[in-house]
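Protein chains: 2
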Amino acid sequence: MRYTVGVDLGGTAVKMALFTLSGDMTDYWTIPTDRTNNGENILTDIARSVSVKLTLMGIDKKQVTSLGIGIPGAMKRGVVDKCINLGWGSVNVVSELSTLCGLKVYADNDANVAALGEYKAGFNESYKSILMITLGTGVGGGLIEEGRIISGHTGYGGEIGHMRVRYDETEVCKCGKCGCLEQYASATGIRRLALKYLSESDTKSALRLYADDITCKDVFDEAIKGDEIALKSVDTSMNILGHALANICHVFNPEAVIIGGGVAKSGDFLIEKIKPAFDKGMIYIGGQTSLAPARLGEQAGVYGAYHLATSH
Amino acid sequence: MRYTVGVDLGGTAVKMALFTLSGDMTDYWTIPTDRTNNGENILTDIARSVSVKLTLMGIDKKQVTSLGIGIPGAMKRGVVDKCINLGWGSVNVVSELSTLCGLKVYADNDANVAALGEYKAGFNESYKSILMITLGTGVGGGLIEEGRIISGHTGYGGEIGHMRVRYDETEVCKCGKCGCLEQYASATGIRRLALKYLSESDTKSALRLYADDITCKDVFDEAIKGDEIALKSVDTSMNILGHALANICHVFNPEAVIIGGGVAKSGDFLIEKIKPAFDKGMIYIGGQTSLAPARLGEQAGVYGAYHLATSH
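These protein sequence lines are chains C and P, in that order. Residue numbers 63 to 374, in our numbering, belong to the letters of the first sequence in order. Residue numbers 63 to 374, in our numbering, belong to the letters of the second sequence in order.
Just chain C, same shape as in the assembly (with noise of 0.2 Å):
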């Protein structure tokens, strides 16, 4: 039996898992992200994590083909240029991991990576092209065209985040402009819209009981029940989400738009609210690109290493 290792690298923890070379996985786990000193122990981590693996299941090095790995910044050509999560600058993950583990090494920027396994086993590819976001602390993305990653001159392709979607936002963005689409539609954006509301107004909700220990979720489930406060902030978040998903499939014009990350899943709650700005924004190309939740959750990331390990 051959075998293949994915990885997804995150800055909290460390995904991973073994996969036949049919695609069945028979075995993930995780470990924690050291970022302690500029997280330099990070990739001698996973190369002891992954060889400790295969002794525990009695597999020998010779029996793996290859190791994917997704990484929470932009690359290009195996080397990302700075993962503020990791602590990292500039690393040559391909050359640096593969020689700490003696396997062929392919990587790839997380998003992307997830996106892949979205396109491959979330979707069994019945989607020909997809855009594949996530929305979580941040907003990520990914293109997939075709089993291929559209990654981009310099590695952001997909990376829809701070695309500019309001032009009358006065509060600043990490990035240090205003109106990114990450202020609205990320976790961490809805819950700033919720804070702002609630701040705003004197409207009874449930969310005053959370204080300012308010999560996206606690928005989420206090909208499903009603909560005035709560709608609107999930209102206007999925509102600029469906603007902003339209005006990009005027770019990439996928089949489909895939949604995942912590936010989703809300699953067709979610769908259902982005969906009146999305097809209000398709009228001219059409409404045949598809919305829908991602199947995988948070091992997105370790079947697209893997697929990103074996296409080649």
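Keep in mind that a hint or two might mislead.
Given that identical chains are not distinguished, each listed pair holds provided it fits within a single copy or across any two copies.
[To be verified] Computed list of lysine-lysine pairs in BS3-like fashion (alpha-carbon distance at most 30 Å, straight line):
(1) Lys266 / Lys124
(2) Lys124 / Lys190
(3) Lys138 / Lys342
(4) Lys190 / Lys287
(5) Lys166 / Lys337
(6) Lys258 / Lys279
These are calculated hints, taken from the structure and not from any lab test. Here the structure is a predicted model, which means the values were calculated and not measured.
Given chain C, put chain P in place with the hints provided.
Here is chain P on its own, set in the frame of chain C:
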């Protein structure tokens, strides 16, 4: 000697050219577009014109390898869905034209084909990926990545004219939405802005002499001379375009954005006007996307059609 025919089918004229297989243009001519009877004669006229040209030049049809053509509508698999400018409904261009002219035919959307022309012949493949936009009566566009047209699921890849860029617009675009890029950045849009600013103030302006006959070219000419209203029109238009192009770079992240079409004849003046908003919008993904005026002018389409026909 072997040849390839390049055709750029527009609403007013059909531009045609004969190329040697190595890409040298040996002849360039145009015929009027006959839009009578829902444009039913257009493809016959093209086939006849090719035939006559070959006879006049003493070229046997066996020496012609193929014909490429750009069509003003969204295309998928050789079929165009609808061409309002030609009066066409659904037309299988590839099948009909190849029957009529006895040549192997390759067809794609005109903006995509023009983009391919600039990518290959205008810029000699010095950029790995480009977005080319055409500022004319409308705003069209095409995406090229490593020599391939990214035409999208329904053929609207790069068709950015109806991206919504303003949410406070009250005037309705021809597509039925309000605030589309085309309402500001097309020749029609720039003229619209100038007429609006003229009617809203009593500021002295050379444009008042033109009255309703004002054209986009007049607005640019007067802006270059320093006319206040003309400058305000150009500045507003190009500010909106600059931000929109930066947003698009967050989706597709091309190495260069090429600006073509009638409006682009203003060259460096135009680029200077677009650049501040473009650079501001690019903060997060870096200023590594070039902005350049197109090089082939009205011949981009026929060059692209030649490359479409020969790159298979």
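Status of each hint after checking the structure:
no.	hint	in the structure
1	Lys266 / Lys124	neither (64 Å within a copy, 80 Å between copies)
2	Lys124 / Lys190	neither (34 Å within a copy, 37 Å between copies)
3	Lys138 / Lys342	between (36 Å within a copy, 23 Å between copies)
4	Lys190 / Lys287	neither (37 Å within a copy, 50 Å between copies)
5	Lys166 / Lys337	neither (42 Å within a copy, 42 Å between copies)
6	Lys258 / Lys279	within (16 Å within a copy, 46 Å between copies)
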